[in-house]
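Enquirer: Generate the whole structure from the sequences, applying the supplied hints.
Residue numbers (the numbering used here), protein chains in the order written: chain A, 350 to 662; chain B, 4 to 266.
I should point out that these hints are in silico values taken from the structure, not numbers from a laboratory.
These numbers come from a predicted model, not from an experiment.
Some hints here could point you the wrong way.
[As the list claims (entries may be wrong)] Computed beta-carbon distance windows for the label pairs:
| hint | chain 1 | residue 1 | chain 2 | residue 2 | range |
| --- | --- | --- | --- | --- | --- |
| 1 | B | PRO183 | A | GLY574 | 53 to 59 angstroms |
| 2 | B | SER23 | A | LYS470 | 37 to 43 angstroms |
| 3 | A | ASN394 | B | PRO183 | 36 to 42 angstroms |
Positions of the beta carbon are idealized from the N, C-alpha and C atoms, including for glycine.
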Amino acid sequence: MPERRPGLWGAFVGVARRTFRKIEALKGVSFTIEEGELVGYIGPNGAGKSTTIKVISGILNPDSGRCEIDGLVPWADRVAHVKRIGVVFGQRTQLWWDLPVIESFDLLRDIYGVDAAEYEKTRNELVERLNFESLLNTPVRLLSLGQRMRCDLVAALLHKPSILFLDEPTVGLDSVSKLAFRDFIREINKDQKLTIILTTHDMDDIEALCNRVIVIGNGEILSDGPLEKLRKEIAPERLLIVDFVEENAQISDVGARVVDHSGHRAKFSFNPEEISASDLIARVTAEHPVRDLFVENPPIEEIIAQMYSENSL
Amino acid sequence: MRGHRALVSARFRALLQYRSAALAGLGTQLFWGLIRVMIFEAFFVSSVMSQPMELGDVITYIWLGHAFLVVLPWNVDRELQTMVRSGGVTYELLRPMNLYNAWFSRAIALRTAPAMLRAVPLLTIAALFLDLQAPESPEAGLAFVISMIGAVILSAAITNLLNVALVWVTSGERLTYLAPPFVVLFSGNIVPIPFFPDWAQTAIRLMPFSGIVDSPFRLYVGHIPPSELGFVLAHQLIWSAIFIVVGKRMLAQGLRRMEVQGG
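Expert: Here it is as C-alpha cells:
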C-alpha cells in the first residue's frame with residue numbers, strides 16, 4: 350500500500366519519493382470446508398474477509414500459502430475454477446446495467462458455455478421460485494434493490510456452480526426480502542447440497558442460516574465452529590428477565606447475578622453450567638409472585654462486538 | 004468463442020441505443036466535411052503545382068473520413084473506466100474468460116456500432132448531394148471492404164491498449180485523453196496522408212494509424228491499386244499483433260499490482 354505523509358509538504362514529497370507500507374492482510378488463515386456446508390465468515394471491517402474471498406475466488410494471488418477448491422488452485426486455474434463458483438456481491442451487481450435482465454442471463458449462458466436446454470430449465474426453475482417472471486424484460490438499472498438482488502442470485506446460479514459465495518447479500522434489503530432470501534438460501538443448500546459461504550455483518554442472517562461460523566480478526570482466525578460454541582466461549586451467560594407483581598421486590602441470593610432491577614422488572618445473569626434455567630426460575634418464583642418472565646441469550650451482535658473488542662480490533 | 008461473440012453482440016446492441024449522439028455527430032461531420040471540401044477546392048484552384056491526388060478523389064476521401072471517423076481509436080470504453088474505479092473489475096475476473104479478450108470484444112463493438120449509426124446516413128447524403136464518388140472499380144470496392152475489416156481490428160487493438168491503460172487509474176486515464184488527437188492527426192483525417200511533406204511520408208506510412216482509414220480510403224479511390232491490398236493488410240495485421248501483445252503484457256502486470264479495494 351503506498352503511503353503518503355500528511356499535509357501539503359507530504360504531498361510534494363510523495364511526488365518525489367514513494368514509500369510503501371507492507372500490510373499483512375491475512376496471516377495464518379486456515380480452514381477446511383466440506384461439500385454442502387453453509388458457513389458464515391464474519392469479522393470486523395478491515396479484518397481480511399473480502400481479501401480471503403478474493404483469494405478464494407482466484408482474483409488475488411497470495412504471497413504465500415495453499416488453497417485448493419474441488420481439486421483446483423483458484424488463481425492458477427482461474428478460468429476452470431471460476432466456472433464452478435458463483436458469487437453475489439451485495440453492494441454491486443454483476444448484471445449489465447443497460448440490458449434487460451433476460452439478456453444478461455442469456456449473455457452469461459454464452460460466457461459460461463452452458464448448454465441451451467439446461468440453461469432454460471435452470472433459469473425457468475429459479476425465476477419461478479423467486480417470482481420475478483414479470484421483471485425479465487426490465488433493464489437492470491430500473492430494478493429496485495430487492496429485485497436486483499433476486500436477479501443477481503439467479504445469475505450466480507445459472508451455470509450450476511458447486512460453491513456459492515455471498516458477500517453482504519442482505520445489505521439494504523427490507524425485512525420481507527431478507528426473510529425470503531434466507532428461505533431461498535436454506536433451500537438450495539439443503540436440496541442441492543450447494544456449499545455456501547456467507548460473509549455478512551447481519552448477525553440475524555448468521556443465526557438464521559449458519560451452523561458453522563468462522564470469525565476472522567486482524568487477519569487471523571479467532572473462532573471456528575458452531576454458533577453455540579462461540580456463545581459458550583465468549584458469553585456463556587444467559588439472561589432471565591422477570592416481571593414481578595410487586596415493585597422493588599426484595600430478592601435474596603438465588604445463585605444468579607442481578608444485572609438490573611428497576612420497578613417491576615429484574616434481570617438476572619446466570620451461567621447454565623452452574624445453575625439450570627428451570628432451577629433458577631423455581632427459586633425466583635418461590636419468593637415472590639411473578640407476572641411474566643423470559644429467558645434470553647445475549648444477542649449475538651453483542652457477543653461478536655465483545656469478541657472484536659477483546660481482541661482490540 | 005461463443006462468449007466473445009455474445010459480448011460483441013450485446014455491446015453492439017447497447018451502443019446502437021445512442022441515437023441522439025449519432026445524430027449530433029452526423030450534423031458535426033457534415034458541417035466540418037463541407038468546410039474541408041471548400042478548403043481543398045480553394046487549394047486546388049489556387050495551386051500551381053500538380054497534386055498527389057485529384058480533387059474528386061480528395062473529396063471522396065474527405066467524406067469517407069467523416070463517415071467513418073469513429074472507427075478511429077478516438078475514445079475508450081468509459082464504462083470500463085467506471086468499472087475499474089468502482090472495483091467492478093472483480094466481477095470481470097470472476098468470469099471464465101480471458102480479461103484482455105473480453106475487453107477486445109467490447110472494443111470491436113465500440114469501433115463498429117457508433118460508426119454504423121453515423122456512416123449509413125452520412126454516406127447516403129454524401130452520395131446523393133455531395134459528390135461522393137463510387138469506388139474506382141469493383142475490385143477497389145472489394146479491397147476497400149476487406150481493408151476496413153483489417154482497420155477495425157487494428158483500431159480495436161489500439162483501443163484495447165488504451166482500455167488496459169485505464170487499470171492504472173489517473174495516469175492511465177490521462178493517456179486516454181492525450182492519445183486521440185495524436186491518432187486523428189496521423190490517420191489522415193485532417194489532411195490526407197499523401198499531402199504531408201515528402202520527408203514525413205515514410206515515417207507516417209510506417210506508423211500504424213495510416214492503416215486505419217488512410218489506406219482503406221485510398222484503395223477505394225484507386226490511389227492504391229487493389230493489387231496492393233496484401234501490403235495494406237500486412238501493415239494492419241502486424242501492427243495489430245504488436246498492440247495486442249503489448250496490451251496483454253500490460254494487463255497482466257496491471258492486474259498483479261492492482262489494489263483490489265475493500266477488506
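Enquirer: List, from low to high, the hint numbers that the structure doesn't satisfy.
Expert: none
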